[in-house]
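2 protein chains.
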Amino acid sequence: MNKIVQCVPNFSEGRDLEKVEQIVECLKSKDGFKLVSYEPDADYNRTVVTLLGDPIKIIDAVTEFTGKVLELIDMNFQSGEHPRMGAVDVIPFIPIENVSMEECVEYANTIAQKINEQYHIPIFLYAEAAKQKSRVKLPAIRKGEFEGMKDKIKEEKWYPDYGVNEMHPTFGVIGIGARIPLIAYNIDLGTTDTKITNNIAKAIRFSSGGFRHVQAGPVYLDGRGHTQVTMNILDYKKNPIYRILETVKMEAKRYDINVTSCELVGLMPKGALLNSLSYYCRVNGIEYNKEMSFDEMTKLAIKYIGFRDFDSLKIIEANI
Amino acid sequence: MNKIVQCVPNFSEGRDLEKVEQIVECLKSKDGFKLVSYEPDADYNRTVVTLLGDPIKIIDAVTEFTGKVLELIDMNFQSGEHPRMGAVDVIPFIPIENVSMEECVEYANTIAQKINEQYHIPIFLYAEAAKQKSRVKLPAIRKGEFEGMKDKIKEEKWYPDYGVNEMHPTFGVIGIGARIPLIAYNIDLGTTDTKITNNIAKAIRFSSGGFRHVQAGPVYLDGRGHTQVTMNILDYKKNPIYRILETVKMEAKRYDINVTSCELVGLMPKGALLNSLSYYCRVNGIEYNKEMSFDEMTKLAIKYIGFRDFDSLKIIEANI
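As they're listed, the protein sequences go chains S and H. With this note's numbering as the guide, the letters of the first sequence map in order to residues -17 to 302. With this note's numbering as the guide, the letters of the second sequence map in order to residues -17 to 302.
These are computed hints drawn from the structure, not numbers from a lab. Among the hints, erroneous ones may be present.
Repeated chains share a single entry, so a pair holds when one copy, or any two copies, can fit it.
Derived SDA-like pairs (lysine to any residue); straight-line CA-CA distance at most 25 angstroms [stated by the list, open to error]: (1) Lys252 x Ser190; (2) Lys12 x Gly207; (3) Lys220 x Ser189; (4) Lys139 x Glu21; (5) Lys220 x His102; (6) Lys235 x Gly288; (7) Lys12 x Gly205; (8) Lys184 x Glu110; (9) Lys136 x Ile178; (10) Lys220 x Asp175; (11) Lys16 x Ser294; (12) Lys177 x Asp(-2).
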């Protein structure tokens, strides 16, 4: 059975679209994996790339891609709203099929060693790949950003995991990690009141006492004329979508507000969708078949979870 | 306006009921506060005392009570299932009316100084009264218990907050603290299946990814013939009862199980009940009057939250 990982390199250019094209070129039409998407953001001055496929092929291609970025981006002349410490800022590996988290940690180490040997760029390992507790959370590593890294890396506490304690002068450093998939999920509310929306967000988000793996906040969508609870679900197994959605409905009730629909930003793993569909099938008295097709899943997701702008390619595995 | 605190001293005798009576005698029919209850537990070999009233009067009486305990309990001959580090093990102060948490921290310091001066018992301050982060959680202080404290207190890290670094040879040490009220809350399920009950408990408890301030587990009640999700709510403002109850109902649905009733162990503050009643009034289209009487609250609590064995004296403020 083929091993499938998701790999989501982020690089520090999102304005010069010609340069973005030159960089992602080496990830297109390759054997063994798919370039699912790349999304340049001008405000952030950053591009998020999503790859899906064979981990070994991805390691080779992302190493090549890093060389291209090294050639084209000089961090001494880069600025944007998103914090960053390198021209390629992060490379996370995410297990999808027939791959364990331990293997993803190995892939992180393999590519870290390759990149460091070829380009002399120092590497920090983060998330599940972290070798020190203080490096589990990326923001702790990235604090001080490119500009501060020159000195930070000299502190014994911040010696890199691969390479010498000398920042690359034009590239900076990279964070390479392994983690489970994040789900970027938004719930639409039939109101324009962001204060109420914030109260509802507080009920579910960890920082206000809510679910342990949920980060959430209110946002008003000018174009659509209503608010959303926008969130990241950091562990969809422990905090499944249906439980968050039903809790939001429970809270909305006290304000006499309806949940009108919801949306997924980016992709989600099949497992995240199925564990919510099994709930809704059960409580609606419908037979749940975990072998159902992607089209069937999509139909049920729209009907019972209320996803808008949803199609089967939103499910990671449907892209394979 | 009168200041009202709850104070819940725990002492290390729950078997010799004559001794228990001798000890609590000095807390009975006193001016300015009420002895709400004392509950000796033979397995634990421990008695939990609940006092309610004027903080200054309580400080004086609990100091006297500590002297009585010193006279009657020798920890060198005490054992039981509950961990303990002193003959009086803990003295928490809980703000109820017209009292801030800061004031409760002051009361903790006042009684700590008094007890230490009069009886030479070393005191550790915990929870909101802790002066060091490592002392916020009581179990960290209590680790090693009475038997281990003789050596532990000699370590610089574990010098007491009041007194010298020498354990009292027969009494041990006391943890004195300030905290918000805990709510001990159980939800009855119409099943005998503890595995399902455990799955439901996991959905709400922090340690499995659930609500931040909830500790929960499954228990089978032999006498009643059904299971319960039994829990402590450590912060009822951030994790209100209604939200936990509705989440348990949501989860129970997928197993086709009903929530049959629920119960409160000990007391709860009026505010904890009112924030849930305001939810149920709202979603049931009933007018919510926050000035309602204790009897009215009790009626609504039984009707909408489903409390069994409930009366108005379960509300802390109704005892004042």
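How the hints compare with the structure:
1. Lys252 x Ser190: The answer is between: 22 angstroms across copies meets 25 angstroms, while 29 angstroms in one copy does not.
2. Lys12 x Gly207: Cα proximity of Lys12 and Gly207: none, with 42 angstroms in one copy and 62 angstroms across.
3. Lys220 x Ser189: both (17 angstroms within a copy, 10 angstroms between copies)
4. Lys139 x Glu21: Neither way: Lys139 and Glu21 sit 34 angstroms apart in one copy and 52 angstroms across, limit 25 angstroms.
5. Lys220 x His102: neither (39 angstroms within a copy, 49 angstroms between copies)
6. Lys235 x Gly288: both (17 angstroms within a copy, 19 angstroms between copies)
7. Lys12 x Gly205: neither (38 angstroms within a copy, 66 angstroms between copies)
8. Lys184 x Glu110: between (28 angstroms within a copy, 23 angstroms between copies)
9. Lys136 x Ile178: neither (47 angstroms within a copy, 53 angstroms between copies)
10. Lys220 x Asp175: Result: close only across copies, 21 angstroms inter versus 30 angstroms intra.
11. Lys16 x Ser294: within (16 angstroms within a copy, 65 angstroms between copies)
12. Lys177 x Asp(-2): Neither: 38 angstroms inside a copy, 57 angstroms across copies.
Checked against the numbered hints above, the structure breaks hints 2, 4, 5, 7, 9 and 12 and satisfies the rest.
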